[in-house]
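Trainee: Go by the hints and put chain B onto chain A.
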Amino acid sequence: MTIGPSRLRIEQPVEWIAKRIAEAKKAAPVSEAVASLLEKQLSGPLRDSALRRSELADLAEKLISASAPSKSEGKS
Amino acid sequence: VRIKAIRLAWFRGAGDPVTLTTEGKSMGIYGANGAGKSTFVDSVEYGIRDGKINHLISEYSGRNQEKAVRNTHTPANRGTELSIAFQDDSELNIKIEENGSHTRSGADGIKLQEWDYRRTVLRQDEVAEFVRSRKGEKYSALLPLFGLHDLEIAAENLRQVSKEIVRQSNVDHNRGALGLIEAKRRQAFGRDSVESIEAAVADLHKKYCPGTATTVGHERCVEVQTALHNRIRALTSDNQRHLALRAVAELDVPSVVKAIRDANARLADSVEPLIAEKLAVLQSADALAGQLETEDELRCPACGRPIAVNQFKAHLNSEQTRLSEIISFFDGRRRAIGTLVDALKSLKTNLAKTDLVEWRTESAKTVLKSHFDWLEKCDAESYRQTLHEDDLSAIELHAPPVIGAADEASRNMPPSVADLAKDQATADAAKTVFESQVLAAEIKRIEDIIAFVTSLEMGVRAEIRERAHAVITEISTEISAMWKALHPGEPIENVRLYQSKDDKAIDIALRFYGTEQDSPRLTLSEGYRNSLGLCIFLALAKREAGTDRPLILDDVVVSLDRNHRGMIVGLLETQFTDRQILLFTHDRDWYAELRHQLDPRRWNFKSLLPYETPELGIRWSSRTTSFDDARAHLKDRPDSAGNDARKIMDVELALIGEELQIKLPYRRGERNDLRIWSEFLNRLRADGKKCLQKMSGNDFPVYAAGLALLDDADRLLVSWGNRSSHSKDVERNEAVKLIDACEKALSVFICQGCKKPVWFADAGGAEWVQCRCGELRWRYGKA
Chain A
1 MTIGPSRLRI EQPVEWIAKR IAEAKKAAPV SEAVASLLEK QLSGPLRDSA
51 LRRSELADLA EKLISASAPS KSEGKS
Chain B
1 VRIKAIRLAW FRGAGDPVTL TTEGKSMGIY GANGAGKSTF VDSVEYGIRD
51 GKINHLISEY SGRNQEKAVR NTHTPANRGT ELSIAFQDDS ELNIKIEENG
101 SHTRSGADGI KLQEWDYRRT VLRQDEVAEF VRSRKGEKYS ALLPLFGLHD
151 LEIAAENLRQ VSKEIVRQSN VDHNRGALGL IEAKRRQAFG RDSVESIEAA
201 VADLHKKYCP GTATTVGHER CVEVQTALHN RIRALTSDNQ RHLALRAVAE
251 LDVPSVVKAI RDANARLADS VEPLIAEKLA VLQSADALAG QLETEDELRC
301 PACGRPIAVN QFKAHLNSEQ TRLSEIISFF DGRRRAIGTL VDALKSLKTN
351 LAKTDLVEWR TESAKTVLKS HFDWLEKCDA ESYRQTLHED DLSAIELHAP
401 PVIGAADEAS RNMPPSVADL AKDQATADAA KTVFESQVLA AEIKRIEDII
451 AFVTSLEMGV RAEIRERAHA VITEISTEIS AMWKALHPGE PIENVRLYQS
501 KDDKAIDIAL RFYGTEQDSP RLTLSEGYRN SLGLCIFLAL AKREAGTDRP
551 LILDDVVVSL DRNHRGMIVG LLETQFTDRQ ILLFTHDRDW YAELRHQLDP
601 RRWNFKSLLP YETPELGIRW SSRTTSFDDA RAHLKDRPDS AGNDARKIMD
651 VELALIGEEL QIKLPYRRGE RNDLRIWSEF LNRLRADGKK CLQKMSGNDF
701 PVYAAGLALL DDADRLLVSW GNRSSHSKDV ERNEAVKLID ACEKALSVFI
751 CQGCKKPVWF ADAGGAEWVQ CRCGELRWRY GKA
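Which chain is which? The protein sequence lines are A and B, in order.
Take the first sequence: its position 45, counted from the start at 1, is 45 in my numbering, and no numbers get skipped.
Take the second sequence: its position 112, counted from the start at 1, is 112 in my numbering, and no numbers get skipped.
Don't read these hints as lab results, they were simulated from the structure.
Predicted model, so just to flag it, every value in this text is computed and none were measured.
Even glycine gets a Cβ: it sits at the ideal position worked out from N, Cα and C.
Check before you lean on any hint, since a few could be wrong.
These stretches of chain A come out as covered by chain B in the derived footprint (C-beta under 8 Å, 3 or more residues) [as the list claims (entries may be wrong)]:
| no. | region |
| --- | --- |
| 1 | 22–34 |
| 2 | 42–49 |
| 3 | 58–65 |
Here are the simulated DSS-like cross-link-like pairs (lysine-lysine), alpha carbons at most 25 Å apart as the crow flies [what the hints assert, rightly or not]:
| no. | chain 1 | residue 1 | chain 2 | residue 2 |
| --- | --- | --- | --- | --- |
| 4 | B | K377 | B | K348 |
| 5 | A | K40 | B | K163 |
| 6 | B | K647 | B | K755 |
| 7 | B | K484 | B | K135 |
| 8 | B | K690 | B | K755 |
| 9 | B | K606 | B | K647 |
| 10 | B | K755 | B | K25 |
| 11 | B | K369 | B | K353 |
| 12 | B | K635 | B | K647 |
| 13 | A | K26 | B | K444 |
| 14 | B | K431 | B | K353 |
| 15 | B | K163 | A | K19 |
| 16 | B | K444 | A | K62 |
| 17 | B | K377 | B | K345 |
| 18 | B | K606 | B | K755 |
| 19 | A | K19 | B | K504 |
| 20 | B | K163 | A | K25 |
| 21 | A | K40 | A | K26 |
| 22 | B | K444 | A | K25 |
| 23 | B | K345 | B | K369 |
| 24 | B | K606 | B | K737 |
| 25 | B | K163 | A | K62 |
| 26 | A | K26 | B | K163 |
| 27 | B | K689 | B | K744 |
| 28 | B | K365 | B | K348 |
| 29 | B | K756 | B | K689 |
| 30 | B | K606 | B | K744 |
Chain A on its own, in the form it takes in the complex:
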């Protein structure tokens, strides 16, 4: 009888995050700053534990701020 390997370690390379970010970009155009911020968050804090209310508020504020057009963009 042959039975497959018993210990499969699940690899979690960062590439999967980049891939999912790229897919999300196709679904909704956002600034590079927003995408980059979420990519970093998804590699760490977002996966560690459920965010507290203040942390959620902070992240939301950063995302809104990162999506705002720069002053130079506004003038152009």
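Mentor: Relative to the frame of chain A, chain B by itself:
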């Protein structure tokens, strides 16, 4: 991690301290029903679950299960304790108080509380639990094996971030404000495009601001408004009064009141049933999960109506659409109220203008006085918070007559002034449209972030699905292989886990006589389901993070036939060589087989005495065989005792015969498998005269004393053993002698020196086997 010993005192069935000592080996433990096997399993569960044993949870067991965990006859001066010693010499000690509270100490490095009970212990009543469980429960059971907990957290965090962005950005309110502006735009410009509006503004700009080079629409509006304001200020007071009256006359309060009433009516139609449905949601949601598995029809948790399971998804979608419509009615009502408040405020502002003082004074002498008085007192802004039908009636009663009078009074306005009024209205409306574009862009920006975060959440969930699928595929391979090992050549095959369309649902599929089945519950017998449950438990246990932890199997082969029980031994030997297994069974025949088939270098065997009283508690037998079961009947039913002894000999002698390769004439059909003790014993006695030898000095004479013991057993079994089974006419003393003789006969094949059986090792050639020390030996094939 290996368990070295489990020591119990007044815990469950245990009385004075009783210890299961494993020496770090796997253990086969036999005990008749109620002997106390499960008490040892309970103690491990108690340790893992920090003071809880699931099968004891009931309204009768007490807050801390104190009524069930402590021995009911614990003497006043004794305490309930359990300790589990591990191979690293650490020891977990748990002391349980009378009220069931407990303290634990030691074995911190083992982290017993982090062990996954479901992948450590399998009990008889839990064998088919996974097979029986609902799809969602299967998913939950497997979730820890996926190693995807962090992604689940990430997905939920992203969902919460989306909600927080909505809250912080005020996007819902902004959408409402934009809706109001859109309504005004339609009123002023119909379906005109922004380009048309820009062209109209350009014309006005050319007309009122000739020579200026402004090109941006919004700035042009500001310049036009300034120019118009200057021109209006230069008008005669009569014409200024005309313009102010015109501004009042343009207000359309009745249609706004009608819009609010329409929205109210739509909401009344929708909200009342919604509340009734909400009650139904609460009642039916609880039962929903269970019904999904077993019913063709269920009651929708959103509306409470009965609906076929396969239409449920579509039904849910339509319910969501309906609820969205109701929400849009609320939005529409809110917008209409906003328009009304703006109109009333505009009305009051215009009436307060100095240009209209004279008109108002004159009009107040007529029936309009009460209307002016009402408008004076009216707090328009408060209607945003509450607006009842009484308020609407009052507005309808008082505002239109004033607006109508203003319209009447402004009819004599000169055309040039009328043009100014019209152009001013156009510039005002256009300016609002241009400003709304900024608001629309802001809303779009926030919606894009939300869409991005939501899409990312979906992406993480897709990642979870894909990875879970990979793990499920691998576990399926294990299950399928184990199933094949237990059921070789049987027409139930391709047993596997699969993910349902729902994200968090897993079920088991198989091929039954060539037909694909979505669930084992459709076709498999109870025995097969249990066998499948065992395969799944073992496959999952193999994947458990701490794969060197012990496995505890408590009476898990009850519903399996002899053939499949035999296969399990092979499976444990090949697949779990490195794991410690504690195997509890009340099946005497299987226990005998285990003792013969499992590698004695890795396995020890112990047998429990039948349970007598709570005071005596759990006791070990000094023997590995199960004759103590027979002895338990001596007092009241000596015939049963003799019968048990005979049945034990049926199995034990067959196994010894197999080990020593004795030859028996073939019998046709089932009779070949249904041989009894006498055939084996006769052959062993005959062969033993040439093959069984015991060392004496440097010689190996035939073990005559041993053969004499076989003869004794044969004699007593023929007379009293058979009488026990057939006529039931056996005295206690006779049964005692019979059991002793049987036990001694079996001991002939065990070396009294090294305690190992005569077939323990090869003895320097293919023909001979011997015990470990070489004192006892048997020669194959020389009968």
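Trainee: Look at each hint and say if it fits the structure.
Mentor: Hint check:
1. Interface restraint, the region 22–34 of chain A with chain B: holds (8 residues with C-beta to C-beta distance below 8 Å; minimum three).
2. Evaluation of the coverage hint for the region 42–49 of chain A: fulfilled, as 5 residues show C-beta separations to chain B shorter than 8 Å, against a requirement of three.
3. Only residues whose C-beta sits within less than 8 Å of a C-beta in chain B count toward coverage, and the region 58–65 of chain A has 5 of them, enough to reach three; the restraint holds.
4. With a C-alpha separation of about 10 Å, the suggested pairing of K377(B) with K348(B) holds against the 25 Å cut-off.
5. With a C-alpha separation of about 20 Å, the suggested pairing of K40(A) with K163(B) holds against the 25 Å cut-off.
6. Note on K647(B) and K755(B): the hinted pairing holds, with a Cα-Cα distance of about 24 Å set against a maximum of 25 Å.
7. Of the pairs offered as hints, the one joining K484(B) and K135(B) holds, with about 24 Å between alpha carbons and a cut-off of 25 Å not exceeded.
8. Between K690(B) and K755(B), the direct Cα distance comes to roughly 23 Å. Compliance with the 25 Å bound is thereby established for this hinted pair.
9. Proximity of K606(B) to K647(B) is assessed by CA-CA distance (about 19 Å); at most 25 Å being required, the pair is judged to hold.
10. Distance hint between K755(B) and K25(B) is fulfilled; the C-alpha atoms sit about 17 Å from each other, no more than 25 Å.
11. Note on K369(B) and K353(B): the hinted pairing holds, with a Cα-Cα distance of about 17 Å set against a maximum of 25 Å.
12. Of the supplied pair hints, the one linking K635(B) and K647(B) holds, its CA atoms being roughly 19 Å apart against a limit of 25 Å.
13. The hinted pair formed by K26(A) and K444(B) meets the criterion: a straight-line CA distance of about 16 Å does not exceed 25 Å.
14. A C-alpha spacing of about 23 Å is found between K431(B) and K353(B), which places the hinted pair at or below 25 Å, so the restraint holds.
15. Of the supplied pair hints, the one linking K163(B) and K19(A) holds, its CA atoms being roughly 24 Å apart against a limit of 25 Å.
16. About 17 Å separates the Cα atoms of K444(B) and K62(A), which keeps this hinted pair within 25 Å; it holds.
17. For the hint pairing K377(B) with K345(B), the CA-to-CA distance comes to about 12 Å; that is within 25 Å, so the pair holds.
18. For the proposed pair K606(B) and K755(B), the alpha carbon gap of about 14 Å is at most 25 Å, so the pair holds.
19. Pair hint K19(A) plus K504(B) holds up; C-alpha atoms about 23 Å apart against a cutoff of 25 Å.
20. Restraint check: the Cα-Cα separation between K163(B) and K25(A) comes to about 19 Å, which is no more than 25 Å; the hinted pair holds.
21. Straight-line distance between C-alpha atoms of K40(A) and K26(A) comes to about 19 Å, which keeps the hinted pair within the 25 Å bound.
22. Annotation: proposed proximity of K444(B) to K25(A) holds, straight-line Cα distance about 15 Å (limit 25 Å).
23. Straight-line distance between C-alpha atoms of K345(B) and K369(B) comes to about 19 Å, which keeps the hinted pair within the 25 Å bound.
24. The straight-line distance between the Cα atoms of K606(B) and K737(B) is roughly 24 Å, inside the 25 Å bound, and the hint therefore holds.
25. Straight-line distance between C-alpha atoms of K163(B) and K62(A) comes to about 14 Å, which keeps the hinted pair within the 25 Å bound.
26. Distance check on the hinted pair: K26(A) and K163(B) sit about 21 Å apart at the alpha-carbon level, within 25 Å; holds.
27. Among the hinted pairs, K689(B) with K744(B) is consistent with the structure: their alpha-carbon atoms are about 18 Å apart, no more than 25 Å.
28. Distance restraint check for K365(B) and K348(B): the Cα-Cα separation of roughly 19 Å lies within the 25 Å cut-off, and the hinted pair is therefore satisfied.
29. With a CA separation close to 21 Å, the supplied pair K756(B) and K689(B) stays within the 25 Å bound.
30. This hinted pair checks out: K606(B) and K744(B) have alpha carbons roughly 18 Å apart, not beyond 25 Å.
Of the numbered hints listed earlier, not one is contradicted by the structure.
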